[in-house]
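Undergrad: Chain S is already provided as a structure; the job is to place chain U on it using the hints.
Each chain, written out:
Protein chains: 2
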Amino acid sequence: MEKKTDEVFNALFKLEEIRQILRDSLPTGLDNDEKEVWKSKLSELNEIVQKLDSESVTKPLKKIAGTIEIRNREENYINIQPIQAAGRLTLEGRKAIIAYGDGYSTCDACRKPFRLDKISKPPIGDFHTELAQFVNMDQARVVPGARRGFQAVAQTVVNKGDSVIVSSFAHYTEFLAVEGAGGQVREVPVDNNNLITADATATKIEEVIRETGKTPALVMMDHIDYQVANEHDVTDIAKVAHQYDIPFLYNGAYTVGVMPVDGKAIGADFVVGSGHKSMASPAPSGMLATTDEWAPKVLRTTQMVGDLTSRKFGVKEVEMLGCTLMGSNLIAMMASFPEVQKRTQNWDDEVKKSNYFIDALLTIDGSKVLSEYPRKHALSKVDTTGSFDIVAKTHKRKGFYFSDELSARGIVGEFAGATRTWKLSTYGLSWKKLRYLADAFVEIAEKYELPIKK
Amino acid sequence: MEKKTDEVFNALFKLEEIRQILRDSLPTGLDNDEKEVWKSKLSELNEIVQKLDSESVTKPLKKIAGTIEIRNREENYINIQPIQAAGRLTLEGRKAIIAYGDGYSTCDACRKPFRLDKISKPPIGDFHTELAQFVNMDQARVVPGARRGFQAVAQTVVNKGDSVIVSSFAHYTEFLAVEGAGGQVREVPVDNNNLITADATATKIEEVIRETGKTPALVMMDHIDYQVANEHDVTDIAKVAHQYDIPFLYNGAYTVGVMPVDGKAIGADFVVGSGHKSMASPAPSGMLATTDEWAPKVLRTTQMVGDLTSRKFGVKEVEMLGCTLMGSNLIAMMASFPEVQKRTQNWDDEVKKSNYFIDALLTIDGSKVLSEYPRKHALSKVDTTGSFDIVAKTHKRKGFYFSDELSARGIVGEFAGATRTWKLSTYGLSWKKLRYLADAFVEIAEKYELPIKK
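Residue numbers (our numbering), protein chains in the order written: chain S, -16 to 437; chain U, -16 to 437.
Keep in mind that the hints were calculated from the coordinates and are not lab data. Since the structure is predicted, the reported quantities are computational estimates derived from the model, not experimental observations. Among the clues, some could well be false.
Note that identical chains are pooled: a pair holds if it fits in a single copy or bridges any two copies.
Stated by the list, open to error - Here are the computed lysine to aspartate or glutamate pairs in the EDC-like style, where the Cα-Cα straight-line distance is at most 20 Å:
(1) Lys436 - Glu426
(2) Lys(-3) - Glu27
(3) Lys34 - Glu(-1)
(4) Lys(-3) - Asp36
(5) Lys34 - Glu0
(6) Lys101 - Glu52
(7) Lys18 - Glu(-15)
(8) Lys(-14) - Glu19
(9) Lys430 - Asp348
(10) Lys24 - Asp422
(11) Lys(-14) - Glu0
(12) Lys376 - Asp121
(13) Lys18 - Glu38
(14) Lys351 - Glu432
(15) Lys24 - Asp(-11)
(16) Lys(-3) - Glu30
(17) Lys325 - Asp91
If we strip away everything but chain S, and leave its shape as in the complex, we get:
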């Protein structure tokens, strides 16, 4: 049986048309015209549902609003795209956005003191408490993406001209957050193993103090970096930061939501996580957690007073700009959260799967892994210059032959055309998919007569 993805979308969309009848009707019920439309839409729905159980295929799916194609890469393919894997919605997350898609949908029962994180129905307040506990910090807020967490912290602790210690593998959004606050990034070098060490961090801090006469304002460090996805020693780096009385921001974009994170044990003053990268949530979403010591600073409430009206909005937090995720993104985060909490407990298995795939790749002669090995994360950077790229050199489709071969096997998310160094993530793939994926790589190698180590 072919996958009935288009038919499932067709049925979902038809149900949304049916739902629209409810939305257009009076609270008292459907009038006769509406009942007619209801019946006719229902019969269309029935027809689609019948096709879900037969070999026959429906007409091609119409584009949304006439221009937007349906996205079916999670239904029809194995998606190894490096940043998409852990942001895939859970089933409950998908239900949440269906129910809460409308603009200010979280605000039905907003009462005094009128702030998102205080709303109890739906249980947004409780979720904030759980979110803080999840990363073992004192307080948490949701933000529109991890970058908005970096921004909030940078604007709180970084003054014009201040230095901020970051990794040589730091994500560009850290650069931008520091730049926005008027600071200057100072990069800690990686060692021969592509790792940031506490010693190197201390040396860099000393260097900055010597050069500028001023202690850096912040140390911001990625637990797992985005470049090769190595695990850096954040706990010891945080210790070094504190020795210099510098606050420590833990960038958990690749960890919070996939592996256990204990902010207190790490010694983090700030923990930043990404909803759409690692918490099975729609973009933009994310979280910022902090300690009771730092909360009054980064979550400071407004002091601004209208000079004429004397208006004050005391409970609103300046860096949050008041409320943050007032709709479906937050509710989807909440709906995915039980599964997200659970899956962090299965991290070992995710690491095993990552290594299983890399081991299979390494049997293809000339293939290398540029990330630390054995792998400690599902994201990896590989180098196939010595294997798949050899074929690309003489193939008329160049590197795209490789994308063609993958997509013919239902695998997508590699960087199209890249056959030298590229990244992929195995996160969240079942063992069944994982084995299929590994086999596909070996199969492609065999097809092009690349030598396989046994």
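TA: Using the frame of chain S, we list chain U on its own:
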């Protein structure tokens, strides 16, 4: 026939369960176990679909993730909540979030130069062009809420200690944006008609210059304010701002997406709109548009260079923090956009409906409208101290009797318990719903023997 809202949700959710089978299966198709589950879920779906056409009722709907109740206020009620009306999703918008809910769903075909507004599939680049044209400005970006637009502009033009001219009715997020940038708000008084005039703005600018010795850095003005929803003379206010060489930010949170807005005709340097408030989009979403003159400033690209690696991320915009809405919020904005463009052309009818309702309310003796009258907007502030509040004084449920009466008639969104001054919006209600709403108010008044003017 009772509204089958729970059944529609049940069917949607069952289809999401069916979709999950596709997601869990190999690209090659369903295995035998999966086919079994498929069949059994399909039969459950069929059962639900049959109930959509009968009088029988299903079991109560389960909560999402065990804790989140379904939201059905747009299906079962007339929602007059003051800020929710124009953020209600369109049918196409709802389809969009179903298809694009997963985290980085917009990034499948992200290619050089790796920025959200440059993506052509789905047509995100074209949408940015259309968005700029929509408000007749040169360039546009999407942002996570209007407040993030205020923030981007404030951080670009406001230095520490600078004054920013705002309305006495300015929204709190303008206060926060100015505070975050280190500035100070200076409020222009409203006149006897609760309107901000160009003259009053000029007087305030003069006052600030006299007091501080410095010209304000920005004039930020709400076209329609959130307090009473009066229309302020932004065109003449922009002229005044420009006479002093001050850039002008047009706050279109209550206009962009519901009425025609011509940024150039207004003389705006910045146009800010809200997706979840007025563009039928999920929260957080919004837009910032600007002129070719101001774009290099507010949309400046990063200049930060890694001191060790010399890394630069040249195409990324500092105030946007790189990409902004990388998921379903953007796609829903795009999907709703054709209908949003169209509906701004029907603004006169929306204003007519607003006045129809207010006129009906004013027939209830003692009722007043605190907004300018005749109304020029769908949002209004009313004062029922002289009518519905009289009943509340002796009713055992106090002001909640009024909420009870409204909700018994399927009307929600009033501020629960408030019978003195409160706000409502009639935006987007059909004439059928509007007449029902107006009749309901008169009916409640009659029930409690409040005098009606004929």
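Undergrad: For Lys430 and Asp348, with the copy left unspecified, which applies at a CA distance of at most 20 Å: within, between, both, or neither?
TA: within (14 Å within a copy, 86 Å between copies)
Undergrad: Tell me, please, which holds for Lys34 and Glu0 at an alpha-carbon limit of 20 Å: within, between, both or neither?
TA: Answer is both; intra-copy 19 Å and inter-copy 17 Å each pass.
Undergrad: Is it within a copy, between copies, both, or neither that the alpha carbon of Lys436 lies no farther than 20 Å from that of Glu426?
TA: within (13 Å within a copy, 84 Å between copies)
Undergrad: Since the copies are identical, ignore which copy is meant and state whether Lys34 and Glu(-1) lie within 20 Å (CA to CA) inside a copy, between copies, both or neither.
TA: Both. Shortest intra-copy (18 Å) and inter-copy (16 Å) distances satisfy the 20 Å Cα cut-off.
Undergrad: Checking Lys(-3) and Glu27: alpha-carbon separation at most 20 Å within a copy, between copies, both or neither?
TA: Classified as both; 8 Å inside a copy, 18 Å across copies.
Undergrad: Are the CA atoms of Lys101 and Glu52 at most 20 Å apart within a copy, between copies, both, or neither?
TA: Close across copies (17 Å), not inside one copy (38 Å); limit 20 Å.
Undergrad: Under a CA distance limit of 20 Å, which applies to Lys18 and Glu38: within one copy, between copies, both, or neither?
TA: Classified as between; 13 Å across copies, 32 Å inside a copy.
Undergrad: Up to 20 Å between alpha-carbons, please classify Lys24 paired with Asp(-11): within, between, both or neither.
TA: both (18 Å within a copy, 17 Å between copies)
Undergrad: Reference check for the pair Lys376 and Asp121, CA-CA at most 20 Å: within, between, both, or neither?
TA: neither (55 Å within a copy, 44 Å between copies)
Undergrad: Between the shortest in-copy and the shortest cross-copy C-alpha distance, which are at most 20 Å for Lys351 and Glu432: within, between, both, or neither?
TA: within (18 Å within a copy, 84 Å between copies)
Undergrad: What label fits Lys(-3) with Asp36 when the C-alpha limit is 20 Å: within, between, both, or neither?
TA: both (17 Å within a copy, 15 Å between copies)
Undergrad: Could you figure out if Lys(-14) and Glu19 sit no more than 20 Å apart (CA to CA) within one copy, between two copies, both or neither?
TA: Between copies, since 14 Å is at most 20 Å while 33 Å is not.
Consistency with the previously given hints fails for numbers 10, 12, 17, ordered from lowest to highest.
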